[in-house]
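Assemble chain L onto chain R, guided by the hints.
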Amino acid sequence: VTWALKGKYAIVGYGETKVDRDRHGKLSIEQYLVKAARLALQSCGLTKKDFDGQGIGLMEPQVVHPMWSAHIIQDLGLHPRVVLRSDHGGAGPGYLLEQAAASIHAGLVDKVLCVGADAPLTYAPQTMAQRLVLDFMRPFGMMGPNSLFGLVAQRYIHLYGVKAEQVAKIPVTQRYHATLNPIAYFDRAITTEDYVNSRVITDPIRLLDCCLPVNGGLAFVVTSAERAMDMTDRPVFLLGSGACFNYRHGDNLAPDVTYMGTVKAGKEAFERAGISQVSDASFVQLYDDYSYAVMIQLEDLGFCKKGEAGNFLEETDISFAGKLPINTGGGQLSSGQAGMAGGFHFMVEAVRQLRQEGDQRQIEGANIGVVSLIGAITQYAGNLINSHVSILGREVA
Amino acid sequence: LDALNESLPVPTPTVLTQGFWESAKKGKLVFQYCSKCNTLQAYPKPWCSECGSEELSWKEMSGEGTVYSFTIPRQVVDNSLAFKDKLPFIIAVIELKEGPKFISNIIDLPPDNVRIGMKVRVTFEEFREEIVLPTFRPCKGNSRSEMANVVDR
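The listed protein sequences derive, respectively, from chains R and L. Going by my numbering, the first residue of the first sequence is number 1, and it counts up by one from there. Going by my numbering, the first residue of the second sequence is number 398, and it counts up by one from there.
The shape of chain R in the complex, shown without the other chains (with noise of 0.2 Å):
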């Protein structure tokens, strides 16, 4: 059975702003959201004014708002019918994009805004913290996703073997992106000594395993694939889609931490696209909070069994010209994580590589794209909470 919004919805238009760690707090979160959405609309030709009636997806930054989306509303002078609004942390754009489509689908509006902006670097971490962390994790040193990584990497290694020379060529290869990207936070390449020599925060993290927070903010536009055609000659089209919540109860039984509800989302997405992962996909963007994650999803996507990961990359050119590019765009661990809108970079950059405008990055002949996106490490339950993949594709079909 064909799914029903496949290839019907499209992403026409996107938008990513230059970021910064600036501590001092230049610029609002709104100030970034603005600007993230100004770039979004041009590259599509569209204005604020034709979001009347229409949908707006909001991304929820890290600072605590019970009502972020009527503050946006109201800040930003906008006039929905739709507001869809995502507290799923890094998965939340993939998440954002199907109930665009599906808002467009059922009729309720022509066309989404979807936008996240976040300034991390400007307010205290404990904003973000909740009972179960306050009552159970702090009071033991644990200190947020570091720890939660540690350990799950710690296990990894003791069941797989892995290699710090192999984890290594994530890191180098995406920053190696990032100095072909204009917007990344860092433009300076590293090397696999680098990387070995780098300072263990936590073991088994190093230092260049981590994301780097930057304020910053991205957005792009979702219409039907009959309207889109009005707005650019460049759409790109959703053609499947997967999520997975809630994968297990880590503190009940005992689950394996090394695979992620990415097995389970990547199998819906997969089949709704009708495509087969390994050889119909021309490039992958997978949310890299650290290093590990990559290639759990790597391997959860089914482009290399469990555990392999480690020969997969010594194997592999991950380069934007080699045999599978991952993350194009530098990911977080090079261009930044802007907070919670940290899982628009890989949207952006998979929209940016079907529309050949990727420039010095550009993958020759890239034809679908699978972003991956996890998100809510707040507890350590068969690792994170939210897994989203999107299939995303040039053509129709």
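In short, the hints are calculated from the structure, not lab data. All of these numbers come straight from a predicted model, not from anything done at the bench. All C-beta atoms, glycine included, are put in the ideal place defined by N, C-alpha and C. Keep in mind that the hints are not guaranteed to be accurate.
[Said to hold, decoys possible] One-sided and incomplete, this derived list gives chain L residues near chain R with beta-carbon spacing under 7 Å:
(1) G416
(2) T436
(3) F467
(4) V474
(5) I488
(6) L530
(7) A545
Just chain L now, kept in the frame of chain R:
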């Protein structure tokens, strides 16, 4: 804010979690037990996360387990400045004999001597403000060389 970041994070028992903290004070590690489907859950939840039953009670664990994974913080970050003096230390996921997994510290062991699979047993440490934390230390079942550097109590 710096003062907030530099003070140790102290758990605040709630109606949901006070049974756990009261038991810890008496030297017992208790998890929620579902009498409908026999599920044990390490972190207190509003219902059984398997079957949805609210018939939950506290069940004492043996306190025996193995190290499932670990990490050793070598530096603190903004949210954990209070732990600077403790560096380096061991954070571990303990897989209890009964099944559930629980994040805690391993004490009385030089950090670089920890390994996955190590046998550990619960012990209880005064934290602050009436809070006692269940932590773990290596116990019998490990090889002689693994026990060589364990600090006596």
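Structure-based check of all given hints:
| no. | hint | result |
| --- | --- | --- |
| 1 | G416 | violated, 13 Å |
| 2 | T436 | holds, 6 Å |
| 3 | F467 | holds, 6 Å |
| 4 | V474 | holds, 5 Å |
| 5 | I488 | holds, 6 Å |
| 6 | L530 | holds, 6 Å |
| 7 | A545 | violated, 21 Å |
Checked against the numbered hints given earlier, the structure breaks hints 1, 7 and satisfies all the rest.
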